[in-house]
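*Asks:* Heads up: the sequence lines are chains A and B, in that order.
The letter at position 16 of the first sequence is residue 16 when you use this note's numbering, and the numbering goes up by one with no holes.
The letter at position 243 of the second sequence is residue 243 when you use this note's numbering, and the numbering goes up by one with no holes.
Among the clues, some could well be false.
Simulated crosslink set (DSSO-like; lysine-lysine; CA at most 27 Å straight-line) [to be verified]:
| no. | chain 1 | residue 1 | chain 2 | residue 2 |
| --- | --- | --- | --- | --- |
| 1 | B | 117 | A | 86 |
| 2 | A | 58 | A | 120 |
| 3 | A | 120 | A | 86 |
| 4 | A | 58 | B | 117 |
| 5 | B | 117 | A | 120 |
| 6 | B | 32 | B | 52 |
| 7 | B | 21 | B | 33 |
| 8 | A | 385 | A | 190 |
| 9 | B | 52 | B | 21 |
Keep in mind the hints are simulated off the structure, nothing from the lab.
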Amino acid sequence: MLRGLFFIHPKMTERFSNTFSENASALTQEQEQADPNIEVHLQQSDPQTKGASAPSWKLSTGENGPVLSLQGSWTARSGSIPSFPKNGLDDAPAGSVLAFDTRETARWDTGLIAFLWDVKRIGHDRHITLETQSLPAPMRQLLDLLPDVPAVKPAPRPKRLPFLEALGGRTLSGLTEIGTVASLGAMTVKGGFLALSGRSRMRFVDLLTDTTNAGPYALLIVGIVNFLVGAILAFVGAVELQKFAAGIYVASLVGIAMVREMAAVMTAIIMAGRTGGSYAARISTMQGNEEIDALNVFGIPTSTYLILPAVLSLVITMPFLYLYGCLVGMLGGFVVAISMLDITAAGYFHQTVTSFGIGQFIFAFVKSIVFGAFIGLTSCRIGLKAGRSAADVGIAATRAVVVGIVGVIAIDAIFAVIADVVGI
Amino acid sequence: MSDTRPTVLSMKDVTLAFGPKVIQKNITLDVKKGSIFAVMGGSGCGKSTLLKSMIGLLRPTTGEYLVDGVPYWDGSEAERTELNHRFGVLFQSGALWSSMTIGENVALPLQMFTDLKPDVIRRLVELKLGFVGMLQAIDLQPSEISGGMRKRAGLARAIALDPDVLFFDEPSAGLDPITSARLDDLILNLRDGLGATIVIVSHELSSLFHIADDGIFLDAKTKIPIAHGSPRDLRDHCDEPQVHAFMHRERDEEGRN
Ligand SMILES: Nc1ncnc2c1ncn2[C@@H]1O[C@H](COP(=O)(O)OP(=O)(O)OP(=O)(O)O)[C@@H](O)[C@H]1O
Ligand SMILES: [Mg+2]
Chain A
1 MLRGLFFIHP KMTERFSNTF SENASALTQE QEQADPNIEV HLQQSDPQTK
51 GASAPSWKLS TGENGPVLSL QGSWTARSGS IPSFPKNGLD DAPAGSVLAF
101 DTRETARWDT GLIAFLWDVK RIGHDRHITL ETQSLPAPMR QLLDLLPDVP
151 AVKPAPRPKR LPFLEALGGR TLSGLTEIGT VASLGAMTVK GGFLALSGRS
201 RMRFVDLLTD TTNAGPYALL IVGIVNFLVG AILAFVGAVE LQKFAAGIYV
251 ASLVGIAMVR EMAAVMTAII MAGRTGGSYA ARISTMQGNE EIDALNVFGI
301 PTSTYLILPA VLSLVITMPF LYLYGCLVGM LGGFVVAISM LDITAAGYFH
351 QTVTSFGIGQ FIFAFVKSIV FGAFIGLTSC RIGLKAGRSA ADVGIAATRA
401 VVVGIVGVIA IDAIFAVIAD VVGI
Chain B
1 MSDTRPTVLS MKDVTLAFGP KVIQKNITLD VKKGSIFAVM GGSGCGKSTL
51 LKSMIGLLRP TTGEYLVDGV PYWDGSEAER TELNHRFGVL FQSGALWSSM
101 TIGENVALPL QMFTDLKPDV IRRLVELKLG FVGMLQAIDL QPSEISGGMR
151 KRAGLARAIA LDPDVLFFDE PSAGLDPITS ARLDDLILNL RDGLGATIVI
201 VSHELSSLFH IADDGIFLDA KTKIPIAHGS PRDLRDHCDE PQVHAFMHRE
251 RDEEGRN
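Same shape as in the complex, but just chain A (with noise of 0.2 Å):
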């Protein structure tokens, strides 16, 4: 009756040897050799699989064409699962119809059906047809859900290019992008005198809620910041000028430190991490649930919805904070100064006064005006090209905080080459 005998568990090997054809042993060889942790697997006693047999499987030929029986339990969380060999049909005619048997099959659940699906499309290959009617009914629809064709293979990645093509192609990106943040400044500037005539679609909600957030919230970490930047460079300064007996200087170094560059670069770069960071993550975020979509659906504009509000409370926040950092840096300049050295609170006071032009005090506020709009447009242009995912959140805020601070300090070293032009 039996024709052809193929087990495919280890352990059966002992107890068949005696029966099994050269064809069988090969293919026993070959699964041990495709899975050396079976036996691993199968002394582990996952509560719900122990005591029960491992699963296994026999083809033989019945009256009717071949028989496929099924033994044992059959979990997919046991992983021992045997994958069906490809040529695990090839004693089989083509064109017969194979019957299963699933008396001796105790426990079961998708793991058997994972087999049976790869029975299911080496028959297909070789126009065997599965006598479905012999399983139960519950194994027999889950099996008919599943197509009889093989996963599609995931498309190659592209080759990268070649350095040079990978370098023009950049570079012609980069110059979009600066096009790209010009135009939407163009646009935001619009949108700002429009705002002023009343006649734009910003919502002045979201302008007083943003300029909240980048203004009166920032306060305490922007003094913080520049109170101790200040107090730094008292500190170094002390030190070496003492050495000349010109400890009164350390509060001309302060001084012209704060107001030329230190107050406002440094509070630009905490905007560029606080803000920009937190506008790129609002922008991609919104991406992401489609929202973006929506407004353009509506014909809401982003660059004066979105956009104009963002930028608007950081050209408006900047300047301010620039003028609070270099009062708080001073201010940090001072105290170190009257703790360390033997100069009055007045003396102090009269040399910071004289130590810097009020060109050099506008110029840096210019400045200021110009690190704020910088921020707001690169971080909302950051967050509208983001991607869709979670990640891509991720990616735009982390990318939006490093433009953000490498452009501040670009811009700020452009203004550094404009004022020894000018002469300020």
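Please arrange chain B with the ligands on chain A, whose structure you already have, making use of the hints.
*Replies:* Coordinates of chain B with the ligands only, in the frame set by chain A:
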């Protein structure tokens, strides 16, 4: 109907609330092993909230919730996690992890909670996606597939670990009639084949009549469950005007078709 099947989930006089805002009160229900339990009611009445409390995301303010006779909230967090491993959940919005491909979404629970090898996991992932007809989408990102496909992928993820109890929040919303009928079959087969217990929130009356054998009807106005029983029984025998309206409208439509 004398039901001798063991009870899997049971709530006794439970109140659900977000802070001071009570969503539903006096919820008493028993979900029997192997049953398909329907949670019905108008939009916003608290169906998703009830489901959330069943999977341990929302602690009831009063009352008792038992899983297999064990008080769910009395145990430690570790014990609750252990119980949760027996649950599979499809969220109303799919809730796929957006930075992974569909295949990785289904594979993650398998990687975390079994020690199966990658090729075995891949095989199971293909199987689960095959059940919901999503095999071709295995390497796509969630943002690259349609809303209905996201639902189906979420379903494949819910059944990744062959759970005992499955919670589906509107599984057929956004699916075409054929896929949705296929889904009904899948649900029935999961129940019959794997002995899974299924709690399903759905507005799809024809599918509820077809598959559900027990249920609860929540009312948004009075904030209490106003009917218990299978959707078919409620359709034929419930006199509650709310329930009648809910069930009847669909019958009219069926008559017209
Ligand atoms: N996190 C939450 N905080 C406060 N209230 C909430 C929260 N989630 C939901 N609600 C409120 O709970 C009520 C029920 O919401 P739920 O999502 O459970 O409705 P539902 O029955 O599932 O409706 P639908 O059929 O539309 O999905 C609603 O009134 C909703 O406003
Ligand atoms: Mg809901």
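*Asks:* Against this structure, judge whether each hint is valid.
*Replies:* We went through each hint and held it up to the structure:
1. B:117 with A:86: Since the Cα atoms of residue 117 of chain B and residue 86 of chain A sit roughly 20 Å apart, the hinted pair holds (cutoff 27 Å).
2. A:58 with A:120: 16 Å, holds
3. A:120 with A:86: Since the Cα atoms of residue 120 of chain A and residue 86 of chain A sit roughly 11 Å apart, the hinted pair holds (cutoff 27 Å).
4. A:58 with B:117: Given that 27 Å is the threshold and the Cα spacing comes to 24 Å, the pair holds.
5. B:117 with A:120: 23 Å, holds
6. B:32 with B:52: 19 Å, holds
7. B:21 with B:33: 32 Å, violated
8. A:385 with A:190: 22 Å, holds
9. B:52 with B:21: 16 Å, holds
Going down the numbered hints, you'll see the structure goes against just number 7.
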